[in-house]
Amino acid sequence: MIDTNGLTRKFGNLTAVDNVSLHVEDGEVFGFLGPNGAGKTTTVRMLCCLIGKTSGYAKIGDYTIDKESDCLKIRKMVGFLPENVGLYDSLSAYRNLDFYGQLYEVPEAKRRANIERLLTLLGIWERRDDSVGTFSKGTKQKIAIARALIHDPQLLFLDEPTANLDPEASKTVRDFILELKKEKRTIFLNTHNLDEAERLCDRIAILKGKLIAVDSPKNLERSLYNRKTIVHLETMTEDAVAAVKRIGNVKSVRVSENKLILDMDSPEKDNPEVVHAIVEAGGKIQYVTELRSTLEDVYLKLIREASA
Amino acid sequence: MRLWKSWIVTRKDLSVFRKNKYVLYSLIAMPIILGVVLPIIFIFALNTEIGVGTLTHEQVLAAVNQIVGIATMYFVLIPAILPSIIASYSFVGEKIEKSLEPLLATPTTDGELLLGKSLASFIPCMVVTYVGAAISAIIIDVWAITTPQVNIFLIPNPYWALVIGAIAPLACVMSVEANIIVSSKVNDIRAAQQLGGLVVLPLVFVVIFASTSAQLSTWLAIGVITALAIADVALFYLSKATFQREEILTKWK
Chain E
1 MIDTNGLTRK FGNLTAVDNV SLHVEDGEVF GFLGPNGAGK TTTVRMLCCL
51 IGKTSGYAKI GDYTIDKESD CLKIRKMVGF LPENVGLYDS LSAYRNLDFY
101 GQLYEVPEAK RRANIERLLT LLGIWERRDD SVGTFSKGTK QKIAIARALI
151 HDPQLLFLDE PTANLDPEAS KTVRDFILEL KKEKRTIFLN THNLDEAERL
201 CDRIAILKGK LIAVDSPKNL ERSLYNRKTI VHLETMTEDA VAAVKRIGNV
251 KSVRVSENKL ILDMDSPEKD NPEVVHAIVE AGGKIQYVTE LRSTLEDVYL
301 KLIREASA
Chain F
1 MRLWKSWIVT RKDLSVFRKN KYVLYSLIAM PIILGVVLPI IFIFALNTEI
51 GVGTLTHEQV LAAVNQIVGI ATMYFVLIPA ILPSIIASYS FVGEKIEKSL
101 EPLLATPTTD GELLLGKSLA SFIPCMVVTY VGAAISAIII DVWAITTPQV
151 NIFLIPNPYW ALVIGAIAPL ACVMSVEANI IVSSKVNDIR AAQQLGGLVV
201 LPLVFVVIFA STSAQLSTWL AIGVITALAI ADVALFYLSK ATFQREEILT
251 KWK
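Chains as they are written, first to last, in this note's numbering: chain E, 1 to 308; chain F, 1 to 253.
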């Protein structure tokens with residue numbers, strides 16, 4: 001659905017987006033993570049044909065972002081939620097959506113049906129005639145999401161969809177994105193909310209001007225420490241340590257107080273053998289856990305390395 | 001260019017303007033001042049002059065026609081001034097509501113967007129101008145018919161038709177386009193209105209010139225119409241050329 005190769009954007013001497021190459025599959029929820037000023041919004045604006053590129057290549061579906069004629073088609077096929085909701089406060093929720101539905105060339109009957117379906121789904125159909133200015137931030141965000149979906153696009157660009165929302169409103173928006181994911185829509189999600197990215201995204205790209213990493217949240221988490229098992233013993237004994245060291249698949253053993261920290265490639269396969277060996281050696285196991293790095297650990301490490 | 005797309009933008013802007021009290025009151029105040037107050041002042045002045053009783057019928061008609069000519073020229077000022085209030089909201093208003101980014105993300109071309117914005121300013125300004133001109137014409141004609149020394153319908157006349165029918169809308173288009181160019185370049189409504197107000201100056205000079213020389217001659221009127229038409233077309237293309245989506249999105253705060 002999205003293909004970029006060496007996509008670059010400069011503003012004077014500042015390179016906001018540097019040589020970004022990525023591929024987003026149909027139906028994938030792709031997270032774009034990065035600190036403020038990392039180039040996330042600039043990338044989305046280039047992909048939505050709102051601003052031009054300095055160099056490189058980008059394709060949305062069958063269209064390239066270079067040609068003006070293709071840009072009109074790209075704008076028609078994508079839904080876009082900007083960081084600021086940008087609704088008309090003096091107009092009603094219905095009128096706001098109707099206006100955009102017309103600009104996206106949705107026939108009147110379908111437009112009416114879409115507005116009703118979306119506002120009902122988001123729980124604001126009853127307030128459709130109220131001025132948007134009277135709504136809370138969370139409700140405005142919901143209307144802005146409905147606006148991005150008014151023409152039923154298969155590709156959605158969501159720029160910080162839960163920024164500045166309270167936890168309850170954030171959850172509503174996240175749940176709605178999960179619904180969209182079930183509908184197999186392709187979603188390009190700009191965020192610096194790591195928890196949100198982990199919960200929603202199939203794959204995550206970490207950006208700081210340049211693309212630092214692209215992988216699934218799970219693989220990114222594992223990439224930091226490899227896979228480690230922690231065995232908590234009632235009392236640490238030399239026999240238990242020696243027994244574990246004899247297991248061929250255990251690559252390294254570290255002792256920390258009454259814990260054994262073991263490095264293994266396939267803990268699911270090797271953990272039973274480890275447990276058995278320790279018990280045989282007279283060790284008393286309290287519990288066995290996996291040492292996991294969080295996405296936050298990985299993110300911070302990668303961003304610090306990129307800044308160094 | 002798809003005109004129906006422009007019309008969608010126009011209708012939305014008109015809905016927004018209707019909800020904006022500042023814009024609404026400005027639109028209502030203008031025809032009241034120029035359509036009602038101004039003719040009453042002129043009538044008062046004419047009654048004073050006629051009341052002396054020393055003027056012949058021809059002299060009375062000449063004085064009346066001169067004043068009606070001046071009053072007519074003031075209806076060029078309405079469509080020249082009002083766009084600085086309305087058109088300044090067109091892009092600055094979108095910037096303030098931060099609604100420009102989703103609007104620019106729709107499959108709408110620059111020309112369609114600019115035409116829609118232009119019409120949204122042009123239509124209310126001309127409606128107000130024509131309402132004001134009609135009210136003023138009724139007041140003046142009622143006075144003229146009921147005044148024995150005059151006793152004829154003064155309006156409409158060819159000069160009035162030329163000014164109201166051609167010069168006023170062309171002046172309006174010029175002002176709208178100039179104000180839209182200003183509006184797409186600045187971030188503040190007051191700055192947009194002040195800068196936009198500057199474009200009214202040449203038209204004020206035309207009105208002052210016309211006021212001192214009673215009426216525009218036919219050739220001068222044709223010259224003014226041609227100049228305004230050329231300026232209108234040039235300004236529309238200039239607004240298209242200076243309308244940079246990227247600049248608007250990346251530079252406004």
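These are calculated hints, taken from the structure and not from any lab test.
There's no promise every hint is true.
To give an idea of the interface, some chain E residues facing chain F are shown, with a C-beta separation under 8 Å as derived from the structure [unchecked claim]: (1) Arg75; (2) Phe80; (3) Leu87; (4) Tyr100; (5) Pro107; (6) Ala109; (7) Ala113; (8) Arg174; (9) Phe176; (10) Leu178; (11) Arg222.
All C-beta atoms in this analysis are idealised placements derived from N, C-alpha and C, irrespective of residue type, glycine included.
These are the hints, each one checked on the structure:
1. Residue-level restraint check for E:Arg75 holds (minimum Cβ-Cβ distance to chain F is 4 Å; threshold 8 Å).
2. The interface hint given for E:Phe80 holds, since its Cβ lies 4 Å from the closest Cβ of chain F, which is under the 8 Å cut-off.
3. With a least beta-carbon distance of about 7 Å to chain F, the hint placing E:Leu87 at the interface is held under the 8 Å criterion.
4. At its closest, the beta carbon of E:Tyr100 sits 7 Å from a beta carbon of chain F; the interface hint therefore holds under the 8 Å criterion.
5. Given hint, E:Pro107 at the interface with chain F, is violated; its Cβ is 13 Å from that chain's nearest Cβ, farther than 8 Å.
6. About 17 Å separates the beta-carbon of E:Ala109 from the nearest beta-carbon of chain F, more than 8 Å, and the hint is not met.
7. For the restraint placing E:Ala113 at the interface with chain F, the shortest Cβ-Cβ distance is roughly 19 Å, beyond the 8 Å limit, so the hint is violated.
8. Hint status for E:Arg174 relative to chain F: violated, with the closest Cβ pair at about 21 Å, above 8 Å.
9. Interface hint status for E:Phe176: violated, as the beta-carbon distance to the closest one in chain F is roughly 18 Å, over 8 Å.
10. Interface restraint check: E:Leu178 against chain F, minimum CB-CB distance 23 Å, threshold 8 Å, status violated.
11. Interface hint at E:Arg222: violated, since its Cβ lies 37 Å from the closest Cβ of chain F, which is beyond the 8 Å cut-off.
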